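A.B. asks: Here are the chains, one letter per residue:
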Amino acid sequence: MTTNASATDTATDESRTDIDVEVIRDRVHTVEIVSDSGEGAQKCGQIFGAVSAKMGNGVWTVEIIPAEIQPPARSPAGASGNRIRIGTKEVTNWGDRTNVCVAFNEQVLLARHRLDAIEPGALILVENMWKEHRDEDVRAEWRAAMDELEGCGYRIIEVPMEERCLTVVDDARKGKNMFALGMLAWIFDRDLDLTRDQIAYAFRKKSEEVYEKNVTLLELGYAWAGENLDIRIDIPPGLGGEDMVVMNGNQAVAFGAVAAGMELAAMYPITPATSVSHQLGEIFHKFGGIVHQAEDEIAAAGVAIGASYSGKVAFTITSGPGLALKTEFLGLAIMSEIPLVVVDVQRGGPSTGLPTKVEQSDLLATIFGQPGDAPHVVMAAATIEECFHSMITARRIAETFRTVVIVLSDANLATGVQPFRRPSLDPVWMGSRPDTGPVPESKPPYDWDEDTGLSQRFIPGQPGGMHTVTGLAHDEASHVAYASDINQKSSAMRSRKIAVLNSTMQPPKVNGSDSGDLLIVGWGSTKGAIEEAVETAREQGLSVSSLHLRFLSPLEPGLKEIFQRFGKVMTVEINYSDEPDAPFITAENRRRGQLAWLLRAATLVDVDCWTRVLGEPLRPGVILDVIRSNIAKGGAA
Amino acid sequence: MSGHSCSLLFPVEEEREYSMADYQGAQARWCPGCGDHSVLTATQRLLAAEQLKPEDTVFVSGIGCSSRFPHYVSSYGFHGIHGRALPVATGIKLHRPDLHVFVVMGDGDCTSIGAAHWLHATRYNVDMVALMLDNNIYGLTKMQTSPTTPKGYRSNTQPMGSYLPALNPIEATLGVTNASFVAQTAEWMPAHLYATLQAAYKHNGFAFVRILQRCPVFTGDIYQDAVRNPEMIQMLEHPDGIEVPDLHQIYKDVNRHDPRNMDAAREMAEKTDRIRVGVFFRDESRPRYEETRHLPLHTTDEKIGILNEELDKYAV
Chain A
1 MTTNASATDT ATDESRTDID VEVIRDRVHT VEIVSDSGEG AQKCGQIFGA
51 VSAKMGNGVW TVEIIPAEIQ PPARSPAGAS GNRIRIGTKE VTNWGDRTNV
101 CVAFNEQVLL ARHRLDAIEP GALILVENMW KEHRDEDVRA EWRAAMDELE
151 GCGYRIIEVP MEERCLTVVD DARKGKNMFA LGMLAWIFDR DLDLTRDQIA
201 YAFRKKSEEV YEKNVTLLEL GYAWAGENLD IRIDIPPGLG GEDMVVMNGN
251 QAVAFGAVAA GMELAAMYPI TPATSVSHQL GEIFHKFGGI VHQAEDEIAA
301 AGVAIGASYS GKVAFTITSG PGLALKTEFL GLAIMSEIPL VVVDVQRGGP
351 STGLPTKVEQ SDLLATIFGQ PGDAPHVVMA AATIEECFHS MITARRIAET
401 FRTVVIVLSD ANLATGVQPF RRPSLDPVWM GSRPDTGPVP ESKPPYDWDE
451 DTGLSQRFIP GQPGGMHTVT GLAHDEASHV AYASDINQKS SAMRSRKIAV
501 LNSTMQPPKV NGSDSGDLLI VGWGSTKGAI EEAVETAREQ GLSVSSLHLR
551 FLSPLEPGLK EIFQRFGKVM TVEINYSDEP DAPFITAENR RRGQLAWLLR
601 AATLVDVDCW TRVLGEPLRP GVILDVIRSN IAKGGAA
Chain B
1 MSGHSCSLLF PVEEEREYSM ADYQGAQARW CPGCGDHSVL TATQRLLAAE
51 QLKPEDTVFV SGIGCSSRFP HYVSSYGFHG IHGRALPVAT GIKLHRPDLH
101 VFVVMGDGDC TSIGAAHWLH ATRYNVDMVA LMLDNNIYGL TKMQTSPTTP
151 KGYRSNTQPM GSYLPALNPI EATLGVTNAS FVAQTAEWMP AHLYATLQAA
201 YKHNGFAFVR ILQRCPVFTG DIYQDAVRNP EMIQMLEHPD GIEVPDLHQI
251 YKDVNRHDPR NMDAAREMAE KTDRIRVGVF FRDESRPRYE ETRHLPLHTT
301 DEKIGILNEE LDKYAV
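Chains as they are written, first to last, in our numbering: chain A, 1 to 637; chain B, 1 to 316.
Rather than coming from a laboratory, the hints here were simulated on the basis of the structure.
Please read these numbers as outputs of a predicted model, since none were measured by experiment.
Please note that the accuracy of each hint is not assured.
[Claimed, not checked] Mimicking DSS-like on lysine-lysine, the simulated pairs with C-alpha atoms at most 30 Å apart in a straight line are: (1) B:Lys252 with A:Lys206; (2) B:Lys313 with A:Lys43; (3) A:Lys89 with B:Lys313; (4) B:Lys151 with A:Lys286; (5) B:Lys252 with B:Lys151.
[Unchecked claim] Estimated spans, in silico, between C-beta atoms of each pair: (6) B:Arg228 with A:Ser351: 48 to 56 Å; (7) B:Pro287 with A:Asn228: 53 to 61 Å; (8) A:Glu212 with B:Asp98: 46 to 54 Å; (9) A:Gly558 with B:Pro287: 32 to 40 Å; (10) A:His278 with B:Pro287: 43 to 51 Å; (11) A:Arg139 with B:Pro287: 41 to 49 Å; (12) A:Ala492 with B:Arg286: 48 to 56 Å; (13) A:Asn487 with B:Asp98: 31 to 39 Å; (14) A:Asp447 with B:His248: 47 to 55 Å; (15) A:Glu441 with B:Asp98: 19 to 27 Å; (16) A:Gln70 with B:Ala315: 29 to 37 Å.
[To be verified] Not the full set, but computed from the structure, chain A residues with beta-carbon under 10 Å of chain B: (17) Glu282; (18) Phe458; (19) Pro463.
For each residue, glycine too, the CB sits at the ideal point set by N, CA and C.
In isolation and in its complexed conformation, chain B is listed as follows (with noise of 0.2 Å):
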């Protein structure tokens, strides 16, 4: 910590070092094991890791247990509405392309309420990062069928067990034209989770991060034989994605998938015969909508003069 007692001898700017304490916000209220500690602990180290300011910091959330996250990170925080995190991350950005922008959303928001922003967001490639906290359940609300929910998973809702087939997010999301980062991790899996956060956050684009998160209370026993049985885990390892080799003595099956083979990490999307984890796909060369819409300002004289000259048009 160099910082006040140094500023004496330093301009007051000079920066500090920040640690995982200083990204600490409000006391975190989700249920005692609830995967979404996991994932704000990852957070966190990433934040310290990468040195990010707070005040340049911005967690956008939409309403679900999960979108309760920024308020217990220390930053800039907007815990908007139901399904609309991302139009609103999309504005922050577009306005000022020098925030750093996380989004944290649950299966209800993301692949529900806010599908179509979901779609357009991935579309759009604007630089942030998209965490989808999928727990295959309504939460908050207690206890009703996402499209995430497994088939004949029962719910308060379909007391009976949820009629369709699950919704597969990353299959979704890879259907997407300009998709230019798919991947998928587990809030169990804390090395693999920070290291696709970070992956995530140094990619220059959309990167979409379904994120397979235990509820204790309303889903616990969905992940359950995948906690317990390493081997229904496949990892996705690339130089060009992300690679774990502190999990391979646990995690046995791993898969040198090169992401940028979007055929193979459609085929792979669609499998259900176990859990594949990693970057499915990365192309960072695909068109980002705020570097594409991005315009120089202009100072409040220059910009009367261009209006003047734009009101010569209509002048009678």
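Pulled out of the complex, with its shape left as it was, chain A reads as follows (with noise of 0.2 Å):
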């Protein structure tokens, strides 16, 4: 980090010499990038959030990503790019609006616009090769692009992007992303080593021309901004001390699973899912592990199972609709006490609904949606960190309860990039080898012990150990039986199990006080949102705490002794819920926040709730306003 900071001095003192410089320094800026679908700008914004990472900023990364592959040209819905959003310390949200904006062109900046995604006052930097385009229409569309952005404060700098990159390569399309990220580099001051090494592992699968024309890019950009511009921004790196890592929330999921001992993934492609898979697919291997693409949803669970049965525990990734297509399977998982690991990173629904979008629509859906009386647990991470750490928990659940254990995650996780430190790991995650010797003899396959429910899993290769597992009901030797007494008590052995891993729980730690006016409720990816707002909020004197759930079935002890010590409970979620006040709405029918049914049924506390179904995550200061006002509405009552 000092190294660093002398390259900040020089590089300072070298754009001086001919334009007054304003520094601006912040302990936490927003910037994106932004241009049509295949333009680079994620690859760019990656980059760019890696090295801040590298030099001891605390990051955060949001893909912008249209639903299609390759959406129109130049329209608003089309805009793809990355918000990237760096800190002094830690950032574990993506924020409100954008302080730097970086646009490819007038329409995908309008996009962002029109979303409130931009900061009044915030650094614009546009491409202005369309402003004399030699199509009418272009520069019509760019002028009424201008109108409407004008008066909104914005600082926009015009940037000759395409001009300057035709001076290195043929199709300007395919090094923008770098020339934006040169500019970028100025303007935060970022380790250009840092950054040539980091464009070096970006395009390691290509040939050495391409990363020497990247690099070119990079430095003209660079240039260009220390020749144009006379703003630059300071966001000092606090982090450092401890190893850290870099990555994305599907990334960590995969690595998790190593970690875990598991050597089988059975998959099918689903957005946001699906780059699991993808890691999976270059670092398994190694492992002896496997990752098989079934043919469908349905036969990715039944290898999952099939695997798991025969041996060490399996998993599976899916996104909502996959979910769906697996529940009968996950019924006979839990009906044979077959554990397995099934991975669901959530997107916008119901059906097809939103893919590439964040949401939490699933929870109840995972923990209700098997026909039957299916008891098994859900979990979901909050962190990135914790999708690495949920799937060592998840398979030691799993195996110890011999139950399905579904772990949420969601598209915010899946493609935000955050740095987490480095998981110090232990021989203990990856679980032993299931034993093979022989079952003392009548020993039965679900020897249930009568007070935990719990009993020892044989596997195929045990001699003695053989019994043909059945989804129909069965008793202790696994015989189909459909006696009323059996199935009365097979079922609560099922049941039974998911209240001693509960009594296994510490109850969950308040953030802020342990008492006051208001605790918010949240789980998933939202926690950064929700605990930056809570902390401002604190800051201006509200009495405000909240309270973040990774276990949702079971739920977590002792959560009705805390909300009594709470004017008013209520929870902040990215799924649909009814407002109070819309027509046809009473208190009987609203349909609330999935948490916020579960809660409410647990504890008998008149748990209220605040969600929003936008595609995109919570920002905080939104949770501000609605912290504000449920005070006001008397949650000091």
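Hints are included, so try docking the two chains, each in its own frame, into the full complex.
C.D. replies: See the structure below:
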């Protein structure tokens, strides 16, 4: 970090020769790079985020993704890119609006403007080739866009990206992203050697020539910015000392699965879960692992269950629509007590919904989705680091309790990139290979402990343990049994295990005071935004705390007792709920946030909710407004 | 029977000899006269002949009358869900190539609700025996038309008779890329059934066997003529497939068919003039998925070493 600081001084001195440069120092700042799909804005953003993380800044990146692979060029709907929020300390969410925006055309810039994604006063760097374009329609669109943006207080700078890039490459569409990276590197004073290394890594599958050209473009952008811009932004790096790794949530799931000792992943491509299998595809074979791309979602579940049945716990990865297809198989695994880990990277629903966008609408389906009574475990990762560690916890619980564990992630975690403490790998995480020794004579395959419902699992290869697992009602010996008392007992045994798991948990820790006017309860990827909002509200003197749940089924213990210490309890979630004052909505028929349903049922506390399904992560500023209005409404009662 | 009495002289792990009785599971509860009994007996005879250890053998089934099969064999068994026996079996074999895996499906299981898995399992060509017990009807749910029900045959769901020509499972399987073993036999020809099962077991790859099977309750008449009149049967014989000379006295129509000849196999599969039994196609040179994917396992310490190297690439 210190070497970088000296580099900063040098760069600043050089650029100050002919322009008076204003330096803005801030603790957290947000940057967006937006382009048409296929112009590489995401790669630019990813490299910028990775370099910033390596320099010791806190980082959170979010992809801005259109649903189509190649949407029409120059259309607001096609805006594609990255938001990178960097800070002096850890950054836990994507923030509210961007402070800097690099746009490859004015239409994608308009898209962000119209989504209220740009902060008034933001620095905007926009490609100016459209202004003098030979097509009159394009020139007219440019003028209209500039008219719309005028008066919003943005600091718009027109940049001849195309013109400059054409001095290096024949097709500027394949180079602007590195030029933009160069500009950002100058503005934020990024370490150029680190940036070149990161470019080399990003293009590791391409030729040396591609790398060279990209570096030339980087330097070109850096030089242009130094010659033409009069503003730099300084976000002093404040992290360091600890070993960190930087990756997205899906990569963390993949690494977590390896660290958990799992050896078989079965999947079928589905957004936004698929990239877990891309990561595994690159590394799993080195550990003797297999990524099986099945013929469909159902078969993926079946292969994972077959593998788990015969040895180490296997896992399957999916998203909402795929989870729906796997439902019958999950019921079988629960009924026959075959351990299984299922990762559900949630997207907007129902049906095909919003494939690339974040939502937390699968919660109730993951808990109650299987017909019949099918008790199992549902947990949710709140951070990218937890995406890694959840896999280890899930594998252990699945094995110990002979059940299905569903790990919920979402599109925000899946594509968000954040540095986190490098895991200190523990051999215990990997578990041991199941015993294949002989089974003691007359020990049945479901030798349920009357109190806990737990029993030892036999796997093929164990002499004396032969039995036929079945999805039919069965007794201790796994014999098909329709007798009413046996069904009652086996149902109780499968359910009891979940209570036993609950009994091993600690009550969750309240963020903020243990009591007060308002308690916000969240789960999953909203943790960072909720806690940032709560922290700001507390600084402003509001009596608000928050609670974040990792286990949704069984719920963590002690919730009722915690809730009773607050004037009002409400969930904040990214799923749909009716507004209480909407037409036809009454207190009885109101459909509430999914966690709110659960909490009300489990605690009999009148838990309220505030939820949105905007297809984007929650903004801390918006949550802050919710806190304010709820405390004003009498949360203090 | 050597075994426990000799344990003073030999290590306890001394191989014991298994008889058919050792593979007897629960008492079969199929209807009297059901063809499934015959398949069960032939299978148990094969297990004994091949001396397969019950603990190293897994029978995987779906849902239906024939899918009760695993309960009636003393081995590991997996009685899963309707149509999905093949993915489960694939998972078992991918994780544990050391196990002997047999899949038992009905015609509804295999050719209807699980048809996608049938196609892909054929292409994966994972080493296992897949038996499709084809009684041309849904039996467990009481007589609904199945894809293999003959056109015009009446059922509870199509009381005016099945509307469409029956699906031909042999033709369909032969049409799948990477098919490596496709055979047909009949439960009323026990010697032929046994020879076919044996060839399927010995085949390295996915051995698909369609077993023509009478349901005495719902479709007792479908194969009645073929059972009574051996002239309706043609036996496909070849040293590379199966040969059952003991049956030549009864079944005089013997076709010397080379199971490497896919064109001839497809031509015969299409024909409806008589029922052909035997190995239509067999090619052990086809790639097997579990072999292609198999990798050496690592110790925990090795894995942690590799994982740390991988994490280095993401280090800040």
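A.B. asks: All hints, please: hold or fail.
C.D. replies: Verification of the supplied hints:
Between B:Lys252 and A:Lys206 the alpha-carbon distance is near 66 Å, which puts this suggested pair outside the 30 Å criterion. Proposed proximity of B:Lys313 and A:Lys43 is supported: the alpha carbons are some 17 Å apart, at most 30 Å. The straight-line distance between the Cα atoms of A:Lys89 and B:Lys313 is roughly 23 Å, inside the 30 Å bound, and the hint therefore holds. The hinted pair formed by B:Lys151 and A:Lys286 fails the criterion: a straight-line CA distance of about 53 Å is larger than 30 Å.
Distance hint between B:Lys252 and B:Lys151 is fulfilled; the C-alpha atoms sit about 29 Å from each other, no more than 30 Å. A hinted range of 48 to 56 Å holds for the C-beta pair B:Arg228 and A:Ser351, which are about 54 Å apart. The given range of 53 to 61 Å is respected by B:Pro287 and A:Asn228, whose C-beta atoms sit roughly 59 Å from each other. Restraint check, A:Glu212 to B:Asp98: a C-beta distance of roughly 51 Å satisfies the suggested window 46 to 54 Å.
Range check, A:Gly558 to B:Pro287: about 56 Å between beta-carbon atoms, so the 32 to 40 Å window is missed. Remark: the range hint 43 to 51 Å for A:His278 to B:Pro287 is contradicted by a beta-carbon distance near 24 Å. Range check, A:Arg139 to B:Pro287: Cβ separation about 59 Å, and the 41 to 49 Å hint is violated. Remark: the range hint 48 to 56 Å for A:Ala492 to B:Arg286 is upheld by a beta-carbon distance near 49 Å.
Remark: the range hint 31 to 39 Å for A:Asn487 to B:Asp98 is upheld by a beta-carbon distance near 36 Å. Range check, A:Asp447 to B:His248: Cβ separation about 54 Å, and the 47 to 55 Å hint holds. For A:Glu441 and B:Asp98, the hinted distance range of 19 to 27 Å is satisfied, since their beta carbons lie about 24 Å from each other. In this structure the supplied range 29 to 37 Å holds for A:Gln70 paired with B:Ala315, their Cβ-Cβ distance being about 35 Å.
For A:Glu282, the shortest C-beta to C-beta distance to chain B is roughly 9 Å, which falls under 10 Å, so the interface hint holds. The beta carbon of A:Phe458 comes within 8 Å of a beta carbon in chain B, closer than 10 Å, and the hint placing it at the interface holds. This hint holds: A:Pro463 has a C-beta 5 Å from the nearest C-beta of chain B, less than the 10 Å allowed.
The structure fails to meet hints 1, 4, 9, 10 and 11 from the earlier list, while all remaining hints are met.
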